[in-house]
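Going down the list, the protein sequences come from chains A and B.
Under my numbering, think of the first position of the first sequence as 1, with each following residue one higher.
Under my numbering, think of the first position of the second sequence as 1, with each following residue one higher.
The set of hints was computed from the structure by calculation and includes no laboratory data.
All values derive from a computational prediction rather than experimental measurement.
Keep in mind that the hints are not guaranteed to be accurate.
[What the hints assert, rightly or not] DSS-like, lysine-lysine: derived pairs with alpha carbons at most 27 angstroms apart: (1) A:Lys37 x A:Lys148; (2) B:Lys83 x A:Lys148; (3) B:Lys83 x B:Lys68; (4) A:Lys6 x B:Lys83; (5) A:Lys148 x A:Lys115; (6) A:Lys121 x A:Lys6.
[Said to hold, decoys possible] Quick partial rundown of chain B residues pointing at chain A, CB under 7 angstroms, derived from the structure: (7) Gln37; (8) Gly77; (9) Ser124.
Backbone N, C-alpha and C define an ideal beta-carbon position, used for all residues, glycine too.
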Amino acid sequence: MKNKFKYMIMVFSLLAIIIFAGCWEWIASGTLIFGQKYIDEQIMTTDEFHYFMVDLSDNDTWEEHEDNIKAITGIGFEMWVTNNGEDTATGQIYFASADDDIYTTAAEVQENAVKIFDGWKLAPDGEQTYLNWPMSLAYIESADTLYKTVMTGELTLYALAENLPFELVVDTATVVVTVTVGY
Amino acid sequence: MKKIILSGVLLLALASSGFATGVGIGGFGGVSIPIIQEDQGNGTVFGLRAKLKLIPGFTVEPVLGFNKFGDADSDFGTREGSKVTYYGVDLILGGMGAPIGPRVYLVGGGAFYSFSRDYDEDESRLGLSAGLGIEIGLGKTLGLDFRGKFHLVTQDGGGSRKMANITAGLNYYLGM
Chain A
1 MKNKFKYMIM VFSLLAIIIF AGCWEWIASG TLIFGQKYID EQIMTTDEFH
51 YFMVDLSDND TWEEHEDNIK AITGIGFEMW VTNNGEDTAT GQIYFASADD
101 DIYTTAAEVQ ENAVKIFDGW KLAPDGEQTY LNWPMSLAYI ESADTLYKTV
151 MTGELTLYAL AENLPFELVV DTATVVVTVT VGY
Chain B
1 MKKIILSGVL LLALASSGFA TGVGIGGFGG VSIPIIQEDQ GNGTVFGLRA
51 KLKLIPGFTV EPVLGFNKFG DADSDFGTRE GSKVTYYGVD LILGGMGAPI
101 GPRVYLVGGG AFYSFSRDYD EDESRLGLSA GLGIEIGLGK TLGLDFRGKF
151 HLVTQDGGGS RKMANITAGL NYYLGM
């Protein structure tokens, strides 16, 4: 009986080693969160929209793990924005591939870019509104399309409001990315 | 849920057919620690398991578990953790239905894990688990069970979600 038990332990251990070796890519993996700040000082914008180029190769975490990123599993934003207009503004963010030409009008953005963020309300009359990363997830749309583009590390984001023109002061804006990395 | 009920019925059928030389049921609870998952915090786990002794030294253990990860703090805000429901079958090497006193065992198995969280797409994936436990027999029908188990759940595109569950439980044996 004792020998049989020893034999079973050996078989079990061998099986565990085989499974462990076969699953190495899964074992040596993890989920990381990092943020890339794009607007770090007040910018006033009264245009139809504001755009900024996202290049994640500027980010230390992205740079360190770039070759081992398996999937993007989340995109969010952290922003402080002041609405100096007289009406409540509804914030929207569109994205386009970095390879596309920069759109020059809000109409072009709405027609050609993909809306990924909508519904955030900015109180009027100079009130500052804060959006943190978890809250921002409630406003994200077309996530799968966005994740695929973010895998390239580059994209163009367009921020605009429903009521044009708007009168906003963007204090800070950070893109927050959740990735799965594996080795 | 249908699969869980089916598993239960199958278990009872096996037990009543005389296939099994012993049957037990148990409950467990403890902590769940995410491993390299910055979007999850330490949480809790609880669940139910059945125990079916088919041959000496080997026990089959269908299990149903519920994880709730804790909130994940980051520089960008605090996000609530995922809820995970899993059901599967474990194999235990080291017997069951302990007499009075401790007995160490190895455990490993597979399960389907369903992850859900606000603003994440629900995800059901296959996972593996392995660990070590000790059962302290409190008599012929009761066993106090302590277990540490590593879970690995595959993800789309490669990589995995991993967690360590450390639990304590109570098992009740019939027909030993």
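Quick rundown of the hints versus the structure:
{"no.": "1", "hint": "A:Lys37 x A:Lys148", "result": "21 angstroms, holds"}
{"no.": "2", "hint": "B:Lys83 x A:Lys148", "result": "26 angstroms, holds"}
{"no.": "3", "hint": "B:Lys83 x B:Lys68", "result": "5 angstroms, holds"}
{"no.": "4", "hint": "A:Lys6 x B:Lys83", "result": "39 angstroms, violated"}
{"no.": "5", "hint": "A:Lys148 x A:Lys115", "result": "14 angstroms, holds"}
{"no.": "6", "hint": "A:Lys121 x A:Lys6", "result": "66 angstroms, violated"}
{"no.": "7", "hint": "Gln37", "result": "5 angstroms, holds"}
{"no.": "8", "hint": "Gly77", "result": "3 angstroms, holds"}
{"no.": "9", "hint": "Ser124", "result": "15 angstroms, violated"}
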